[in-house]
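**Student:** Residue-level listing of the chains:
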Amino acid sequence: MTTADLLLVALGAVAVGAGVLVVSTRHIVRAGLWLVVNLLAVAGCYLVLAAELVAWVQVLLYVGAVVVLLLFAVMLTRAPIGASDDLDRPRWPGALIGGGAGLGLAALFVSGYRWSRVDLPSPGTATALGEQIFTAWVLPFEVVGVLLLAALIGAIVVSRPDIGSR
Amino acid sequence: MTTDIAAETLKLPSLDYAALAPMLILFGVGCVGVLVEAIAPKKARFPVQLVLAVLGIAASLTAIVLAAGTEKVTAAGAVAVDGPGLFLQGSIAVLGLVALLLISERSLERGGAFVAQAAVTANSEADRDQATRGSGATEVYPLIIFSLGGMMLFAAANDLLTMFVALEVFSLPLYLLCAMARRRRLLSQEAALKYFLLGAFASAFFLFGIALVYGYAGRVDFAGIHAAVLDSPNDIALLYIGLAMVAIGLLFKAALAPFHVWTPDVYQGAPTPVTALMAACTKVAAFGGLLRVLYVAFERSQWDYRPVLGAIAVLTMLVGAVLAVTQTDIKRLLAYSSIANAGYVLVGVLAISKAGLASSLFYLVAYGFSVLAAFGIVTLVRDADGEATHLSRWAGLGRRSPLYATLFTFLLLAFAGIPLTSGFTAKFGVFAAAIEADQTWLVIAGVITSAIIAFPYLRVVVMMWLSEPGESTPAVSLPGALTAAAVTIGAAATLLLGIVPQPLLDMTENAAHFVR
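Chains A and B, in that order, are what the protein sequence lines are. According to this note's numbering, numbering within the first sequence proceeds without interruption in unit steps and concludes at 166. According to this note's numbering, numbering within the second sequence proceeds without interruption in unit steps and concludes at 516.
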């Protein structure tokens, strides 16, 4: 086992543990904070796999923007700050389905790859990624822009009560 | 230094703009529509948006007709332009245009079927006020155009990632449109949220499936996957589970059992013109994607997926037909009918042959026209509170307005597959293709469920004609020119495709060849 392997296993364990806590905690704010831990651990996995740009984008977008947005939403709506019992659902069905799906997928990967070695491709630097985006994936990339525009318009339409008053 | 390297090595892929034009035109028109919202004065927006949208779709359709006969893969393998792709894009454009007529109708209700301020709390004073008086939203036009563009890209996508992006582009506007019904706001918002959450779930399955397929094949483009199926040294379980997850995403969009549970709620809650758009165009796009994935990428593992998808087709037909019997709301009834019809299309798809492909294409177009006309008539049966969708309200409609009752009866007979309607030609086509491909068990299930689902259709017919009109039977509104045009086009196409189906059959026959 190399250092990279150990790091991956450790970060993976942190990610899974934090993920379980996100869905099992009774405090909605703590769920958001555990999500930060989970996302940071996943970003760490990307770094170990030499995908530096993806790792930083993960930190910037998910930790920096999405979770902050989530916490703002909790703050601005009248969500309870302390432990709230109504966050809880009967745990068995969820645990069964979630655990079953997770274990099943883990078994699939173990049986799929066993001890086969996959060489890491060249590091995911900004240059390499940009080159891929603007050559092989240029059309889907541009269409994502259309998707974001549609999402923006939609967000305005469903959230602004003063729209169309002019 | 790095910029020098990039400038030297960055070689842009060749883009065939003529072949991409149908989608590019729509995306461009959508962006112009957004600008119109920002610039044009409030009064001018509706006519400007309507004309812009109609011209945009017409221009897109022209580009599709001009590209007819092209067979190539362009944009670095992201888009395949071929017979089925162009045919599906053309159907989406034509059906979308008819749906746009329904969506633009403003004479039935002041301001149209859409509420101006979707954010106002449902059932509040302000909400009741805007339900009766407020002008409608015109932001729906750019959203619909984006959605249609996404559907066209979905039907032509040649790798799984492009397909995923297109899936999101056409789904997101639909989630939003569902939330904007003028009447029964809570039902509409519930439908939108349900559709959004379940749709996000299905998208996640699709994405995970892409990852697994990539893990097996090492590629995401369909030609690469085709080459890797059976030949890759990796564990075949990765391929099976990956394909299953990709299929779940696609089956959800096509509303096939057991991934159909959203359909009745969303079809009931959404504004009826949007329901018509979803029933006609989304179905075409979803089956377009499914066809390409099954026929182009995974053709060589057809012996593995055919029994599973066959079971899903049988289950879908059964669920749609049996549950349609118990419905008391006309929109839910049509939703279950659309589920059952998706099952019949899947029977054609599973023939995995040229005949199967051609008959599925024909079925999608024939069903699209009929369902557009049917929902068009649903928008007309209304009282002071909006549409009267409960079945008991339809009792005796034949006495009140024989013309619309006759039209609706004809459309229901088409759904049931009675000869001289497009439904018969379409069903005959998919069943014949399935028998040719030795899938007789699917045809047996199809015939049995056709008999079951004829019952709820006939019950509506009997109710309309043989019951006395009661106190609560609403009058049928005189349609505006746009709805009248949409219903006429839909019903005429249903009749014509039943009597002289040959031109369209020839067209599907000629189109039925995928490029790889």
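Read the hints as simulated data drawn from the structure, not as lab findings. Honestly, I wouldn't trust all of these hints.
[Unchecked claim] Across the chosen pairs, the derived CB separations fall in these ranges:
1) 96/A x 315/B: 44 to 52 Å
2) 83/A x 315/B: 16 to 24 Å
3) 96/A x 123/B: 53 to 61 Å
4) 40/B x 74/A: 35 to 43 Å
5) 400/B x 83/A: 56 to 64 Å
6) 230/B x 76/A: 23 to 31 Å
7) 148/A x 123/B: 30 to 38 Å
8) 315/B x 13/A: 20 to 28 Å
9) 466/B x 103/A: 31 to 39 Å
10) 200/B x 156/A: 50 to 58 Å
11) 141/A x 234/B: 25 to 33 Å
12) 462/B x 30/A: 31 to 39 Å
Don't be surprised by glycine CBs; every beta carbon is placed ideally from N, CA and C.
**Student:** Give a verdict on every hint.
**Tutor:** Comparing the hints with the structure gives:
1. 96/A x 315/B: 44 to 52 Å: violated, 24 Å
2. 83/A x 315/B: 16 to 24 Å: For residue 83/A and residue 315/B the Cβ distance comes to about 43 Å; the hint is violated.
3. 96/A x 123/B: 53 to 61 Å: violated, 38 Å
4. 40/B x 74/A: 35 to 43 Å: holds, 39 Å
5. 400/B x 83/A: 56 to 64 Å: At 59 Å between Cβs, range holds.
6. 230/B x 76/A: 23 to 31 Å: For residue 230/B and residue 76/A the Cβ distance comes to about 54 Å; the hint is violated.
7. 148/A x 123/B: 30 to 38 Å: holds, 33 Å
8. 315/B x 13/A: 20 to 28 Å: Given about 40 Å between the Cβ atoms, the range is violated.
9. 466/B x 103/A: 31 to 39 Å: violated, 58 Å
10. 200/B x 156/A: 50 to 58 Å: The hinted range 50 to 58 Å is violated for residue 200/B and residue 156/A, with Cβ atoms some 20 Å apart.
11. 141/A x 234/B: 25 to 33 Å: For residue 234/B against residue 141/A, whose Cβ atoms are near 28 Å apart, the range 25 to 33 Å holds.
12. 462/B x 30/A: 31 to 39 Å: violated, 60 Å
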